[in-house]
Amino acid sequence: MEDIQVAAQVTELAYALDTFYFLVMGALVMWMAAGFTMLEAGLVRAKNTAEILTKNVGLYSIACIMYMLCGYSIMYPGGFEGGVFQSLSTIGSGLLTSSDNTAADVIASGGDTYYSGLSDFFFQVVFVATAMSIVSGAVAERMKLWSFFAFAVVLTGFIYPVQGFWKWGGGFLQEAGFLDFAGSGVVHLCGAAAALAGVLLLGARKGKYGKDGRINAIPGSNLPLAALGTLVLWLGWFGFNGGSQLVVSDVENSNAVALIFVNTNMAAAGGLIAALLLARFWFGKADLTMALNGALAGLVAITAEPLTPEPGVATLIGAVGGLLVVIAIVTLDKLKIDDPVGAISVHGVVGIWGLLAVCITNEEATLGAQLLGMISIFAWVFAASFIVWFILKKTVGIRVSEEEEYEGVDIGECGLEAYPEFTSAE
Amino acid sequence: MKMITAIIKPFKLDDVREAVADIGIQGITVTEVKGFGRQRGHTELYRGAEYVVDFLPKAKIELAVADDVAEQVIEAIANTARTGKIGDGKIFVTDLAQAIRIRTGETGSEAV
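As they're listed, the protein sequences go chains D and L.
Okay, so the first sequence: first residue is 1 according to the numbering used here, each after it adds one.
Okay, so the second sequence: first residue is 1 according to the numbering used here, each after it adds one.
Honestly, I wouldn't trust all of these hints.
With the Cβ distance kept under 8 Å, some of the chain L side facing chain D (calculated, not the full set) [as the list claims (entries may be wrong)]:
#1 45
#2 48
#3 90
#4 92
Because the hints were derived from the structure by calculation, they are not lab data.
We put the beta carbon where it would ideally sit given N, CA and C, even for glycine.
Chain D on its own, in the form it takes in the complex (with noise of 0.2 Å):
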C-alpha cells in the first residue's frame, strides 16, 4: 500500500516538475518577443523606432487571443479542449481551464500524461509569436501598422495553426517522417515565407535601391539595441529549442535537455564567428550587424535537430547558417528585395539549412521528408500570405504614403517620437 503511494507521490512529483520546466521554457521563448523587439528597433532608423516598438508589442498581443481563440484548436485539432471553433460556450466560463488534468487522471496515466494542459497551450502560444516576429522586421520602415496588424491576426490565427497541424499535430508531414524537432520549418521558414510575400508586394524602402541598379545601405540607428536584442534571443533560444524536448524528469530525458542546451549555444557561437568572419574577408571590415544575424543563424540552423548532433558537430551546422546568412542578405539586396534586419534571410534561407542539415546527424530523416515538409510549409504559407496581403494591397492599401515615409512612420502612424527633441512642456 505504501509503495503504491509513493509511486503516486513520484509521478505527481515528475508532472510537476515536467510542468514546471516547460512553463519556465515557455517564459524563456516570450522573451524572444523582447530579443526582436530590441533587435528589429536597433536595425531600423530612428525616425521609425516608436513604430517598430507598437508592432511588435502588438503582434506578440494579437498572436496570443487569436492562438487562444482558434490558432489552438486548429493545430492540436485532437488535443487540448479549447477555442471557439471546440468550444465557443466556454468563453468566459474558465476557458481551457476546465479540462486540465486532474491528480487522478495523471496517477492513472502512470506517467503518460506528464504535463499540464494549460501548460502546453502556453508553450506554443510564444512560438506562434515568434513565427509573426519575424514578419516585422522585413516590412519594417514603410509598412502601414494597422495593415501589419491585420495581417498578424490571419496568420497567426490561421495560416501558421494549419502548418503547425501537418507537423505538431499529427497531420500529413507527421506521417511522412518530416522532422522539425523545435521549428526550423514550422516557425522559422513559415514567419520568413509570410516575410517574403509581404516584401514583395510592399517594394523596397525609398532611396534602398537607386536608377542605375546602385544598392544603398540604410545603416541602423542603435547597434547596442540590435546586439541586446541578439543576445536576448539568444537566451530565449534555450528555452525555444530545450523546452521542445517536452519532458525533463528522467536522466535520459534530463540529459538529453542539456545536449540540447550546449547544442543551441554552440551552434549561436559557429554562426557568428563565420559570418563575422566571412564579412571581414568579402567587405574588408568586420560588419557587427552581420555577425549578430550570424548568431541568430546558427540557431536557426540547428532549431531542426538540436538533440542527436555532436557539439562539435552543432557548431558547424551552425557556422554553415552563419554563412549562408550573409551570403542570402548580399543576394536578396542583388534582387532588390529589401529586408532591413535580414530576417528572410535569417529565418527562411538558413531555415532551408536546418532543416536539410536534419539528415546529417539524425538516421530516421530522409532527404525526401525533409523536402516535402519544406516545400509544403513554404507553399502554403506564401501563398497563403500572398493572398492575404494582396487583399489588404487592394482595399485599405499596405504601404504609407511617400511623405510619411520620408518623415517617418513614427509621427505618421504612432504620432510620438521615441527619441522626442525640441519639446515644450508648455
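Once you've looked at the hints, dock chain L against the given chain D.
Quick look at chain L alone, frame taken from chain D:
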C-alpha cells in the same frame, strides 16, 4: 588684429590647443564641423551595400589674435596639425575690425 580660422583633423585638436597656449594665446573657440575638401568623402560597407560618407568630421578652431603674434600662431597650428596626409585641413586669416571684452569694455588688442 587677425581672426585665424583653422579647420583641422579632430584628433589633432589637443596638440593644437597646447601649441597655441604655449605661445600665450588666452582663448580659442572650437566647433565640431563636417565638410569636404580635396580629401572628399569615403565609402563604407553596411551589410554588403556601399554607402558614401560625403562629409567628414573636422574641428574648426577660431582665434582672435594681435597682429604681432599672428604669424607665430599660424605657424604653430600648421606645424602641429600637419600629418602630411590628405585631409589635414586649412587655415584662413582675416583682418579683424574690432574686439571688445564684454566684462570690462576693453577694446582692440587689449581685448584679445
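Each hint tested on the structure:
| no. | hint | result |
| --- | --- | --- |
| 1 | 45 | 4 Å, holds |
| 2 | 48 | 4 Å, holds |
| 3 | 90 | 30 Å, violated |
| 4 | 92 | 32 Å, violated |
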